[in-house]
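If you're matching them up, the sequences are chains A, B, C and D in order. Be aware that the first sequence starts at 474, since it is given in our numbering, and climbs by one per residue. Be aware that the second sequence starts at 474, since it is given in our numbering, and climbs by one per residue. Be aware that the third sequence starts at 474, since it is given in our numbering, and climbs by one per residue. Be aware that the fourth sequence starts at 474, since it is given in our numbering, and climbs by one per residue.
Everything labelled a hint here was simulated from the structure, so no lab data went into it.
A pair counts as met if it fits within one copy or between any two copies, since identical chains are not told apart.
Straight-line C-alpha distance at most 25 angstroms; calculated SDA-like pairs for lysine to any residue:
#, residue 1, residue 2
1, Lys538, Glu514
2, Lys505, Val545
3, Lys561, Gln540
4, Lys479, Ser527
5, Lys536, Asn548
6, Lys538, Ser569
This structure is a prediction, so every number in the text was calculated from the model and none was measured.
One-letter residues, chain by chain:
There are 4 protein chains.
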Amino acid sequence: MNRIGKLNWAFAGGHIPFASTGEEPMFNSHDKIAILNTAEEEAEIEIFIFYENSAPVGSYSLKVKAQRLRKVRFNDLIDPEAIQLERKFSCYLRSSLPVVVQFSRMDTGQAANAVMGTIAFPAD
Amino acid sequence: MNRIGKLNWAFAGGHIPFASTGEEPMFNSHDKIAILNTAEEEAEIEIFIFYENSAPVGSYSLKVKAQRLRKVRFNDLIDPEAIQLERKFSCYLRSSLPVVVQFSRMDTGQAANAVMGTIAFPAD
Amino acid sequence: MNRIGKLNWAFAGGHIPFASTGEEPMFNSHDKIAILNTAEEEAEIEIFIFYENSAPVGSYSLKVKAQRLRKVRFNDLIDPEAIQLERKFSCYLRSSLPVVVQFSRMDTGQAANAVMGTIAFPAD
Amino acid sequence: MNRIGKLNWAFAGGHIPFASTGEEPMFNSHDKIAILNTAEEEAEIEIFIFYENSAPVGSYSLKVKAQRLRKVRFNDLIDPEAIQLERKFSCYLRSSLPVVVQFSRMDTGQAANAVMGTIAFPAD
Numbered sequence: 474m475n476r477i478g479k480l481n482w483a484f485a486g487g488h489i490p491f492a493s494t495g496e497e498p499m500f501n502s503h504d505k506i507a508i509l510n511t512a513e514e515e516a517e518i519e520i521f522i523f524y525e526n527s528a529p530v531g532s533y534s535l536k537v538k539a540q541r542l543r544k545v546r547f548n549d550l551i552d553p554e555a556i557q558l559e560r561k562f563s564c565y566l567r568s569s570l571p572v573v574v575q576f577s578r579m580d581t582g583q584a585a586n587a588v589m590g591t592i593a594f595p596a597d
Numbered sequence: 474m475n476r477i478g479k480l481n482w483a484f485a486g487g488h489i490p491f492a493s494t495g496e497e498p499m500f501n502s503h504d505k506i507a508i509l510n511t512a513e514e515e516a517e518i519e520i521f522i523f524y525e526n527s528a529p530v531g532s533y534s535l536k537v538k539a540q541r542l543r544k545v546r547f548n549d550l551i552d553p554e555a556i557q558l559e560r561k562f563s564c565y566l567r568s569s570l571p572v573v574v575q576f577s578r579m580d581t582g583q584a585a586n587a588v589m590g591t592i593a594f595p596a597d
Numbered sequence: 474m475n476r477i478g479k480l481n482w483a484f485a486g487g488h489i490p491f492a493s494t495g496e497e498p499m500f501n502s503h504d505k506i507a508i509l510n511t512a513e514e515e516a517e518i519e520i521f522i523f524y525e526n527s528a529p530v531g532s533y534s535l536k537v538k539a540q541r542l543r544k545v546r547f548n549d550l551i552d553p554e555a556i557q558l559e560r561k562f563s564c565y566l567r568s569s570l571p572v573v574v575q576f577s578r579m580d581t582g583q584a585a586n587a588v589m590g591t592i593a594f595p596a597d
Numbered sequence: 474m475n476r477i478g479k480l481n482w483a484f485a486g487g488h489i490p491f492a493s494t495g496e497e498p499m500f501n502s503h504d505k506i507a508i509l510n511t512a513e514e515e516a517e518i519e520i521f522i523f524y525e526n527s528a529p530v531g532s533y534s535l536k537v538k539a540q541r542l543r544k545v546r547f548n549d550l551i552d553p554e555a556i557q558l559e560r561k562f563s564c565y566l567r568s569s570l571p572v573v574v575q576f577s578r579m580d581t582g583q584a585a586n587a588v589m590g591t592i593a594f595p596a597d
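So that you can see chain A by itself, here it is in the shape it has in the complex (with noise of 0.2 angstroms):
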């Protein structure tokens, strides 16, 4: 199989909203990013959360196993820093192997769920 991805990627618009509806945890709401990884070697990630008013914080490392799929809730980011509640940030990973980025966000704090999806920005 192919190498699928890049090794860098980045994303402006991320926001942990405060408030939700609905079950927990499947409708809390969050932020996240989903990482494939293609190859077959584990591939080695480092992120950096950029913010409006203070110095960006990182890196946050993480790996994804050989051919597999990781989701990750900036919810459960907290080494170095957890990220807090109605803060806007942005994030920048980079990876050891090329992977495919993919953010997305599920609002609850109204009635009704929302959910955005988008491809990151793949940077090189």
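Go by the hints and put chains B, C and D onto chain A.
Same frame as chain A, now just chains B, C and D:
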């Protein structure tokens, strides 16, 4: 007409939700892909599905006729193996001819339907 | 100002839903494209519509004035042939000048409106 | 850190809806852009707005500090001229340094909020 598209496509963030509301099948929750073949020959498509915790499955084979659109619900991919409800997945698709691929979701798990769409990642 | 955009665009996942709720015409269900022409000349656009089970139809011709935006509802494409409600379609668009094309949907078939938007695929 | 992004961005499908529901300002209808500057220098941004029936307006000037995110609501662009409610628009943005731009909409004109997001078109 020019040959439009790419041979390799991927997206990371697939998910078939379990719960549905509204009339069946129009508002049934689903993830799907739309494949456009503008060429004057039939395109042969192979789809590989990647998971979080098990080996990839594939290829699922299908054809898109010359100068036709084909929409495929992931719920309908059953050979070699059905995609389980509530399971997250990624998708890698390759084609014998350039095609254009779009990913979309209708999630009707709460009272209002939510739709999401994004261009897949054109890998080459 | 630089010439911004591409000559060839496509998207695969078009669909004009039948049912609508809410005030007409603002919340009428529709698929549409927005075309931005930043150049100092008028752009001539040709649109071809592809279907699942019949031959492509086109070209639909339209112009986008110099340094203007034009939004087109697929409901309004009637020459050479109207697009039928509830029919899935794909779209290939070519332009005499570089333009930027965005596809969007408002689906009001259930009680809440759902919007979806994605950049079209820049084919060249 | 690598310089991430592009100098020129555009999107075609802007629209500031008039009606809003829910708490202000969190659920106020709006279109906005998020701009990520990963560089160690401030980025100078110029935005040009295109309309359906009148000449483009611009440039709107703003800065994005080194290694910061900046979100801009189009409602807040007032110099040289405010963007009118219910008016459709397109946007061309150029930057002195590579940046990543994402476009999003929250439309609360009916009872449930709908969110939409897409990567802008990276024009160079």
